[in-house]
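Based on the provided sequences and hints, a complete structural model is requested.
Spelled out, the chains give:
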Amino acid sequence: MTEYNFAYLDEQTKRMIRRAILKGLAIPGYQVPFASREMPMPYGWGTGGVQVSAAVLTPKDMFKVIDQGADDTTNAVSIRTFFQRTAGVATTTATSDATVIQTRHRIPEEPLHEGQILVYQVPIPEPLRFLEPRESETRKMHSLEEYGLMHVKLYEDISRHGHIATSYAYPVKVEGRYVMDPSPIPKFDNPKLGDMAAIQLFGAGREQRIYALPPYTQVVSLDFEDHPFEASKADHPCGMCGATDSYLDELIIDDAGGRMFVCSDTDYCEARQTAGHKGKDAA
Amino acid sequence: MQANTLSGGFTDPATQSAHAFRSVMEAMARPGAIQDIHGAAPPAPLSPAMGAVLLTLCDTQTPVYLAGDMDCQAVRAWLAFHTGAPLVGPAHCMFAVGKWDALAPLAVYPIGTSEYPDRSATLIVECSELAASGATLTGPGIKETATLSLPELDAFQANRTLFPLGLDFIFTCGERLAALPRSTEVTRSSSEAITQVGAS
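If you read the protein sequences in the order shown, they are chains A and B. Note that our numbering has the first sequence beginning at 24, numbered continuously upward. Note that our numbering has the second sequence beginning at 75, numbered continuously upward.
If you're looking for bench data, these hints aren't it; they were derived computationally from the structure. Note that the coordinates shown come from a computational prediction; the quantities given were computed from them, not determined experimentally. Some hints could be false.
What the hints assert, rightly or not - Restraint-style ranges between C-beta atoms, simulated for each label pair:
{"id": "1", "chain 1": "A", "residue 1": "A188", "chain 2": "B", "residue 2": "G163", "range": "53 to 59 Å"}
{"id": "2", "chain 1": "B", "residue 1": "G142", "chain 2": "A", "residue 2": "R108", "range": "44 to 50 Å"}
{"id": "3", "chain 1": "B", "residue 1": "A151", "chain 2": "A", "residue 2": "T96", "range": "50 to 56 Å"}
{"id": "4", "chain 1": "B", "residue 1": "A118", "chain 2": "A", "residue 2": "D120", "range": "38 to 44 Å"}
{"id": "5", "chain 1": "A", "residue 1": "E34", "chain 2": "B", "residue 2": "Q147", "range": "23 to 29 Å"}
{"id": "6", "chain 1": "B", "residue 1": "L80", "chain 2": "A", "residue 2": "E26", "range": "27 to 33 Å"}
{"id": "7", "chain 1": "B", "residue 1": "E189", "chain 2": "A", "residue 2": "D246", "range": "23 to 29 Å"}
Stated by the list, open to error - Covered stretches of chain B (in silico footprint by chain A; criterion: 3 or more residues with CB under 8 Å from a CB of chain A, positions within the stretch not fixed):
{"id": "8", "segment": "87-100"}
{"id": "9", "segment": "130-142"}
{"id": "10", "segment": "214-220"}
{"id": "11", "segment": "235-242"}
Note that the Cβ used here is the ideal one computed from N, Cα and C, for glycine as well.
Encoded structure:
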């Protein structure tokens with residue numbers, strides 16, 4: 024603890040990140056450039072989320088980290104331990120107890136409440152990047168609200184597959200202005216982005232961008248009148264807790280094509296099992 | 075005078091600025107919500123809340139404009155010692171500090187560019203009172219509506235029409251603050267409208 028400044032980053036860096044967060048909240052969905060620092064973990068392991076968390080954490084916070092919904096995977100465990108050591112914060116796996124939740128690619132199943140902060144790890148913050156590689160061009164497209172290309176991409180999905188095949192990192196429009204990448208969350212989670220009681224902050228370390236959604240912000244998934252947006256999931260109940268309303272992971276369990284579906288949100292699944300719910304694969 | 079300059083900063087900068095920032099962030103994320111903020115004891119005419127916001131957000135990279143009676147030797151020296159922020163005119167500032175009347179006219183502050191709307195000024199307004207009454211606020215961060223005592227309406231309505239460009243505001247009073255980002259719609263509250271009609 025004494026070897027580090029509180030929450031690892033130096034104060035000047037935190038002030039710079041904090042100023043970017045405030046501008047991000049003032050312009051929902053706009054990607055604010057920031058001077059991302061090298062962190063003691065590789066790019067792709069949540070360096071953007073870690074920097075945002077470091078800038079918002081206080082010693083009184085209760086911190087939770089999830090990776091694809093799970094509290095116990097390598098990425099989640101290492102980031103949780105990182106802030107235990109450098110910020111001395113208390114940690115939890117219970118969604119409702121946490122005040123700051125850093126997440127990779129999921130929104131917890133349990134609705135978040137006021138006073139909570141959800142920090143996303145973002146690999147590619149620019150929703151138009153795969154359609155237009157030049158930053159100078161995508162910046163112009165955002166400034167002119169020129170998002171036709173994104174609709175063409177979704178239309179091409181329909182013409183090739185018969186439906187919109189984009190299933191994660193599904194683009195959204197924020198408050199009728201900026202098209203935003205919600206990070207690679209499954210599109211099942213998209214409806215939770217809008218009107219959320221918690222503050223949502225997005226950090227992309229390698230790409231040096233921070234963006235934000237204040238609580239109760241209007242977020243609309245892009246679609247067409249005749250092909251409306253649909254939040255999809257595997258059409259099964261959870262094998263462990265029997266939940267039919269949660270996002271599921273498919274697990275291969277033997278060499279004979281056997282498989283089971285379980286909740287990707289481990290805290291949600293465990294809480295349900297403790298409450299006595301049982302799925303067909305539960306021991 | 076010298077002692078006054080050197081004192082009044084955070085005694086434990088890392089944790090006190092973390093708590094202060096959370097107050098500022100909650101305020102900016104929930105326009106109209108009044109937050110407590112502590113830890114700073116700046117010289118008059120800066121309020122403790124104003125001092126804490128400056129200590130939390132300003133450093134050598136943030137040009138600051140001191141408007142009206144904020145531009146005095148005591149404040150200049152305190153800000154220089156605790157933050158090192160360069161003092162500039164309103165057209166080049168990132169943060170402007172002052173009472174509402176002294177900050178006018180708003181047209182001179184940077185509002186960002188269409189490609190970089192974040193390159194805009196944040197005005198930190200010292201208020202004699204701060205209450206959850208007066209103008210009605212709607213927009214991102216507000217569940218249905220919020221109310222906040224604003225110095226006037228027209229300036230904020232004009233600012234909203236510039237979105238996504240525009241200015242962001244933090245209002246400080248004693249040890250409390252509230253914020254009004256550019257995304258917030260400001261309207262006269264219905265009760266106030268009735269009083270106006272009755273008066274005319």
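Of the numbered hints stated earlier in the document, which are not met by this structure?
Going through the list in order, the structure violates no hint and respects every one.
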